[in-house]
Amino acid sequence: MPVGDLLPELILLVGAVIIVLFAAFSSHDRQAWAAGLALVALALATGFSVMQWSRAPMLSFSGVWALDGPAIAAKWLMLFSGAVTVSLSPQWMRSDRRHGEYYALILFALLGMIMMASANDSMQLVVGVLLSSTASYPLVAYHRGWAPALEAGMKYFLIGALTNALLVIGVVVLFGLVGDTDYARTAEALVDADPFALTIATACIVLGLSFKLAAFPAHAWMPDVAQGAPAPVVALLSVAPKIGAAVALARFVLLLPVDQAWPAIVALIAAVTMTLGNLAALRQSDVRRLLGWSSVSQSGYALMAVVVIGAHPQALRALLAFLAAYALANLAAFAVITHLRGRTALDDYRGLARAQPIVTAVLIVALLSLVGIPPLVGFFGKFLLFEVTIAAGYGWLAVVAAINTLVSLFYYLRVIAVTMFKAPEGEVHVLGIWSWLAMLASVVVLLVASLGVEWGLGLMASLRFAL
Amino acid sequence: MILTVALAVPLLGALALAGSKRWSAMRARWFATGAAALSLLALIVAWFGFDPSGPLFQHVDEVRWVPSLGVAYRVGVDGIALAVATMSALLFVAAIAYPLDARSEPRQDHVQYYAWLLFLQAMSLGVFLALDLLLFYVFFDLTLVGMYFLIGRWGHGEPQVSALKFFLYTFAGSLALLLAIIGLYLSLDPHSFDMRVLIERQPLAGSGLYAGLVFLALMLGLAIKTPLVPLHTWLPQAHVDAPGPASAILAGVLLKMGTYGMIRLPFAMMQDAFARYALAIAIIALVAIVYGALVALGQRNLKRRIAYTSINHMGYTVLGIAVAAAAFSDTDVARRLALTGATVEMVAHGLITGALFLICGSFWQRTGEYDLDRYGGLARQAPLLTGFTVLAAFASLGMPGLAGFVAEFQIFAGTFAVYPWLAVIGVVGILITAALFLDLLRRLFFGSRPLHLVDFPDLNRAEWGVLAVLTLGIVVIGIAPRFLLTLIEASSAVLVGGR
Amino acid sequence: MSGVPMEHGLVLAAILFALGLAGLMFRRNMIFVLMSLEVMLNAAGLAFIVGGTAWQQPEGQAMFLLVITLAAAEASVGLALLIQLNHRFKTLDLDAASRMRG
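Residue numbers (the working numbering), protein chains in the order written: chain A, 7 to 473; chain B, 1293 to 1791; chain C, 5 to 106.
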């Protein structure tokens, strides 16, 4: 058994187990040390996954586990978002004296998401989705004494449980159709499968993944979670599951026979998702909820690349570049919110620029990158998306996305305007050095990525799925 | 290198100002003026080094940026770009040196104001100097960001609403432009954003619907910026609420990006498509000319009136460009004349309207009032202000011997040869403009003086010094335009005759 | 196994799934919702077994084990949430606990 191919994942698993044990047997004032353990695990996992890069693309464990460029790149992004989340957490969680397990849950959730991105077998996909979901529900409701957190956790759980059940059903139907769960053999057998059953299977699986993507129709949890969950958790959940699910979805739709209508359906989902997210974000007066809806709309953009994944050779690159750009910007934005102790009402951001110029600058850079103002990396992400969609004949989708970008500019600017133009009110309390560093780290990576676009694109130029 | 210097100096200056905590507003102003002037100096050096008989683009710098997408840092100028860029740099020096008309602001804030102005200068010059489509787009967008903060933070009235409207409206244009740019980019094989390649190869010539869509998106994006008539509604409000110097930049520099973009992108890269739609665009321009003048005539608000004359003047420019693009092979000379005229109009309008908006800022600073009915009889009390305003207004209405005349004469001369009846209607615009400026001068400076203007101070030294420089430019171009025309004709000959 | 036709197993699974889905949609009591979820997942598990038998593949049974494990994990998290919900809102009615909108 090529255990070495799983080293990063094994490290996460072992790290999580160690943290659970550590948290159980250590005193209250040492619970925050678990954050250090989690960071070590994440760093080691990242290190080992970097070493896997040169061997990609390949399949391991008799075709179940994909070790290819997209999976590894997605892994890096997810591990990075995990690291940012973990470093944001110790001071945030200070009021909760027994929170060691929190870090274990983060590692478990990450493990599940990484499994989604690497899954080359529908069974594997189910396990990844369910593991990450099950670990995420308690994270959302971690502040169990606070009503909005519980409510968000409950909604997240209900939508998640329903869509996960649908995903399992989809996989069952697929399995019933082809008699195997391996993707390679599934693709072969699907060519002459019953179209009706295949449609049901595809619909259920897409629906199941749309939950993790926070895309229409299973998007409703995102704004509630953004508002109610602990802010560091939102940073993780608005980013990492999307990356895993988008890669998983791209991998899955490539199996489908070309005569299926899935690109049109995914295009429709993409258009609805981005429009819905943006329209709902327009009328928010709560910054976290606003960013939650914006995160929904960003999933819509990501789906644009999935639409043309089979039609354009660079679609995969566009998808990953967009996801990376989105992840960095969103992490920076939520790092700022965490650093500001989770302040959430838009009015509380009045005059922030005078009281906290650097924090405001980070927030503005993050938001402008989300809009796609050049030369920030968000622009290149969107540009690549537009390029592949237009080149593959989905010009209307690019136009819809452009209009949506315009709409999104409106609400991002509302936040920026409040911080810049209004007079400050009251004192601004911040969290501490950990969140400060995590915030700076995320924005520095964002800026470095903006400057090093060429290097990043070169890295991703030859990415392809191992099949 | 010299163009890169012109871009980098203001940008570095902006960074230095943004990072400085303890500078006084006065020191920041001098520092910013110095940086802007250095950038202007670099462009003047470039002007002297420009060979009118040489290749189309000169002073080219090229640095790899994202080669896998065909994007590079490419800057270079032809005569048209150099003329407009130099005018812009001059206007920036003027706007920065001119006192800010904010009436009650903490002084520390002003350091940021100068930082934003310098940033805006770097980005605006970038638009004119870029030879890479994507770079062009990057600068085009970043000017919006700069202007958004200038209006939103230092404007008056309802600055945030106006700033937001300005940003959203013009960003919509940018997105249309982006889609068109991607369309152009995909039409080249291998894909590239190099403007020189696009101009040389004309990749979309004769490709029907696709070319039509790309052209439409390009023109839509640029027309919003220019602005042409149905798409102009963002302009008056942005102007009225912006601080005077920012208004001057908005009218003098940012609007030029629309018309300059028309020359650089659709005119140069899609001559086929432009020729097909030239008449339609000329008619739209004519509507802008007449409509802008008529609406301006009806305004009681000083700044709003000048803002509408901008629409009228940009209409002349677009008319010149459309005429130059028309596909009549026997009218080369006339079309060349029209293109040269359009470029001179950009330069002249930048200087004239820049001066007028700076003057508006002075009015606002003194009284907080734009309503023309609240003024009167200032000629004796403020002779300097009166003199400069009269000169700028006369230049704007096309008085011979001043810059506006040189431009409009050439545009109409070219138009007569190509679309004679359009030229006839267009002249009506000039008549209305003359009427509205004379009316404006009468209301401001003559008649009886209201009581609240008794202690209305004349221009101070900083103000008249700046206005003197701009006016000098207007007069020199009006009397001895040869130096400017040589530069521009070098490029218009290549662009028009080069098909 | 050959005694039961495949169709019967599939129909049973479909009925169970429909029951679960209906329960999830129409019950507002959290406990019943959790039970419905369990029923749905078990329906999927049953379908896996039936499918595995039909194709003579071991994956069906392996998958069944995975599904019930995950269902148990999910149910335990759900129950934990339920306890907190009851503690906090003094009700098991989902609508009563839903306050965030828009």
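Since the hints were derived computationally from the structure, they do not count as laboratory data.
Computed from a prediction, not measured in an experiment: that's the story for all the values here.
Every residue gets a Cβ at the ideal spot worked out from N, C-alpha and C, and that includes glycine.
Treat the hints with care, as some may be off.
Part of the chain B face toward chain A, derived, beta carbon under 10 angstroms [as the list claims (entries may be wrong)]:
id	residue
1	Leu1304
2	Phe1340
3	Phe1342
4	Trp1357
5	Ser1360
6	Gln1452
7	Leu1478
8	Leu1480
9	Leu1505
Are there hints from earlier that the structure breaks, and if so, what are their numbers? 1, 2, 3 and 8
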